[in-house]
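Asks: Sequence order for the protein chains is A and B.
So in my numbering, spot 96 of the first sequence is number 96, and the numbers just go up one at a time.
So the number in my numbering is just where the residue sits in the second sequence, counting from 1, plus 294.
Please keep in mind that the hints were generated in silico from the structure rather than gathered at the bench.
This one's a predicted model, so the numbers in the text were calculated from it and none came from an experiment.
Each residue gets a CB set at the ideal place from its N, CA and C atoms; glycine is no exception.
A partial selection of chain A residues facing chain B, derived with a Cβ cut-off under 7 Å:
#1 R43
#2 D45
#3 P46
#4 S133
#5 D151
#6 G241
#7 P242
#8 A243
#9 Q244
#10 Y258
#11 V259
#12 G260
To give a feel for the contact side, a few chain A residues facing chain B, derived at Cβ under 8 Å:
#13 L152
#14 N153
#15 G154
#16 G239
#17 N262
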Amino acid sequence: MDTKRTTFNNRLLPYLLLAPQLAITLVFFIWPAAQAVKSSFEREDPFGFSTVFVGLTHYRQLFADPNYLDALWRTAVFAVSVTALSMVLGLAFAAAVDRLARSAKIYTTLLVWPYAVAPVVAGVLWWFLFNTSTGLLPFFLERIGIRWDHDLNGTHAMILIIIAAAWKQISYNFLFFLAGLQSVPQSLIEAAAIDGSGPVRRFFTISLPLLSPTTFFLFIINVNYTMFDTFPIVDATTGGGPAQTTTTLVYKVYQDGYVGLNIGSSSAQSVLLMLIVMLLTFVQFRFVERRVQY
Amino acid sequence: MFKKLSMAALAVALSATSSLAATEVTWWHAMGGELGKKLEEIAQKFNESQSDYKVVPVYKGSYPETLTAAIAAFRAGQQPAIVQVFEVGTGTMMAAKGAVYPVYKLMADEGEPFDTKTFLSPVTGYYSDTKGNILSLPFNSSTPIMYYNKDVFKKAGLDPEVAPKTWKEVEEFSRKIVSSGAAKCGLTSAWITWVQTENLSALHDKPFGTLQNGFGGVKSEFTFNGPLQAKHWANLKKWQDEGLFKYGGPVGGDQAATMFYSQECAITMNSSAGRAGVINNAKTFTPGFAPLPYYDDEIKEPKNSIIGGATLWVLNGKEKATYKGVAKFFSYLSKPEVQADWHQFTGYLPITNAAYDLGQKQGYYAKNPGSDIAIKQITRGTPSENSKGVRFGNFTQVRTIVDEEFQALLANKKDAKQALDSAVQRGNALLREFEAANSN
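So here's chain B without its partners, still in its complex pose (with noise of 0.2 Å):
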């Protein structure tokens, strides 16, 4: 017995003494259930790979949570060397300049090599500054494509290998899917705010706020509620009216993949890290892929979409020797083979063109048709003012309105323009809270 407790003894101290010898690195995430295993997964290769750093990742609930507990334990002292925040939160983490380490300085002063020209251009964009700098390093970055029930077009007579392509053609699908009685509703969609509106606004070449979509300063206005845009969620409002449309629900629209699973509705419009779910949930029904549909008579061709997901940021007031860790552990994130493994797992996009050639070499997209539908989208023709992303302060809240006029407008009190206005007015009163709030 005692033999047993004292040789316990000894080794909780040898693993005690080998874990003080490495330096660790906290990394607090946003990624639950499939994603989060993975993301230790990589973690944990890493800390296999050398002895001198130990990567800790901890889950801090949602990205909201994550950066709320990551501002809470700056403030107090005790923060993470590590935060992975959601691209909404950028505005927030940019004007934090003195709580933040940027990448580009973080990785030239450890001597780690950091080109930004190896990583996807749209990518790289969102996350950059004036001058070119990127300030977080893109870990998980997602574009929303189309989903489809190949089952369904095929019960409503259409061809299940053709996929809309128009919003025209997504109404006169979606009419025939329900007067045939294939299925309940045409269409739902998850995320509002981000694909139906943000999104929609970049696909069209229309500015979504001035001062291209506040990438140049606090000082932006909100500026969606446009011609095109009204004329979207009027359509929204009318497919809703006719059983086209199905509302998914606020925030990320739970209730649109539970509709686009159970059949309910025969198309859906989500991130394209949503990939491995539909995967894994359509046992009884074969989906299909497809770039987002757009409106013909507004624009020939489209823009590149726009770009979710999350990117790491670094915190200050850290040990050198942590930073270190932290630029070797970026160092290991951008390497092809890590990169296409997450890439290729979540549904993600690859981070780098390395990645993305990897994965062709493999076959990967030979052997998984339509898992490049969002690199294709996303890469696509030039990027514009428009269509290079959107950047504003306190924009989780905006968000929160953008959903709230929707609700509005469905629920009949008030029309596709007076909710668009009434969400702009609402969110750049936000933008000058945030930009007095930032400026003194």
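Isolated chain A, as found in the complex (with noise of 0.2 Å):
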């Protein structure tokens, strides 16, 4: 490969440009990580007055207790669901938009606006619309003969963050969709419309197909964001509830660390949550790069 070397003269020159994102990285990522990992040793009152070191005890307990592995697999759930909820309707809504000619600016600002929304903001509105006595959907939802009950049925409390979760995220992924069909060379599908396929055909064999690098890049982006970024949404609507059906990895965080005071087991679950990710992202650009086209 021949890429261009910039060299420096000045040895501590590179340094100092680095300087400033070194120091970000320090005081807002490692020293608090490193904080949290400490802490996961060690067992401290709330105050701080007395602090011990406890080992593993805090990881340990965590994998004896089933609330915890029960949020473990819930998260699994919610993540994939609202990453492939939110995914196909942002390329659903991508495809439509880049068909349009002259809507497409009005369509794209419409489309766009939920990401400008707060996640808590985005929470109220969906626990608004399907508030059990004085909601919107529920009331539709009742004359078809679904009973909705969100502060008792966990099936629901968790349908109802999923489609909070989602909805703020299609925003996100529309854009970056639409981008990539934009990118996509007009002379490919000219050459396939007169080979005689149909819209559908040319989206799936050669839109869809060119669209795998932003495919990639989204699903990583929409993982971490269900993983981290829906903690508002969750406390908005339904906190955690009922009965912990919609208790995920980070809302157990807050549960146990700011509600509880069990900074031990708080720090262990971060950490913990942490690791998934990291091992989530490695697995992804380790074997699902390979099969990405760029």
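Join the two chains into one complex using the hints; note that each chain is given alone, in its own frame.
Replies: This is the structure:
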């Protein structure tokens, strides 16, 4: 490979240029992460008067706790559902808008709006829509024979947070897919059209394979999004309930650490969550990326 | 232009010096909405009554948020002088001996008069250590009562002036209300944990946990899975299936109030501090107030109910002058007129006997029927070990567990006994965790 290398005469300069970014990473990521790892091995009272090293006790307790294992499984269901739903819909909207000539800009603007909504506001919006006593959707659902009750029905609660979390993420996926679709060479599509393939076939045999780098990128982003950024949505809609049926890993970290003041166990959970995401990202880059056509 | 600017600068400088002269006392609280405004008014009036100290109230969000914020601030050395902590945080605060400046000690050190006997005994009992010393200043204490819709009662052919006294009557009345079509549901309740489990146990003189409901130390265990609690939970489930009872949601059960205001449910049970909200929201119907019901086959004379709400804790690590200000402010807060005003505005209990007497002299209770139900209910009889209150570590989480198990019961995943057994077992694990964290 023939890459151009920039050389610095001053040895200090590259480090100096890197310093701001390194400082930010150190202060906002490495340092808190190290703190979390440290306190995951300790038992401490909330005020921090006495700290005892307890080794792997917190980790052992977590893996013996059926509630934690349930949360792990639940998070997987949640992450897969949200990612699938928001990516499929994002792609569908992008494909639709891509075929529009004049009104494309208006639709793009409208479709991007939900992304500007703060997660907690998105949660509250859907909470209102699905509110069991005053919401609009349960009112209509009751007419078709479904008694919506996410206060008691765990499945309903899970559907609620999946919809709210996916709705917010559709915009993001839509934007990237639209940009991807617009960079598909027009000549390829025209050639296929001349050969007699219809729009649906062209989409699946030409556009979709060429979108694979975008799809791959969005996949990672979406999984990370559901793992971490969905906390406000869960908090604003179900609060992790009923009976923990919507307590995802990140919500449990908050519940145990922030509400329950059990800092040791909460730290152990954050460390595990961090490891899971690192592992997923590694697997994605190592194995999935190979099949991606750049 | 220049003149105006310099005048403004001068004004700023002057106000800065005047506030410098007064010692600031920060007060973190969790009172939003109307309650928050009233609280700020109290601080304001104290500040106007003297010039040495300035109490600065800061709203920190919900009760758990306020507690966590105070703990985080303490660890960072940025703690407020006063923090309002809800009753379930009491166990946590009492265990944190190095962080807390006990109120009885503060008042003695600062030479402020402070007589435990002037306070309502159920309130002080809840917040005293085993030697009877008050560790935090009772500020807003409440107890659950029953609210009912007189118009719906009339529509259902019931006497609107007669509230159900026993659970049996609650059941009968609810059935009548639903079958007559007067309302869609008979009964709902806020706070399944506090009202339908903790207070239920206290009213019937049944233990909630060992070692005097946890007052005796951190080695206590939960015992709220007895026959009474199981019977009551099973009844609630039965009534839900029959359409008589509707669940109001976990924690405070916000939906309960909504369903009561919209006349969907005819009866609700909630904190006495919900009184102002009920009066404001019951625009189209007349609300009635009554004591909590009981099982007359379990107990002839129900015991006193237990309290909720919050107290003011003083945190260590401030200047001596600040504590002088805190002590002065606490004396001000305990004044009968201040207390009576707060109590009558909010529906919280009057903390001192003097405030209650003042209300009687003013004719407040005669003019506002039902406003003294909470006081009468909490002061009736002699409190037993089981009705003195509950005090456990990690109790916020335990309440979450109780909520979860109740939901599992309503969702047909467990029966009442199984749900309570599981709540006790999971709760005990948290108690052992708390014991371990606070004994090393």
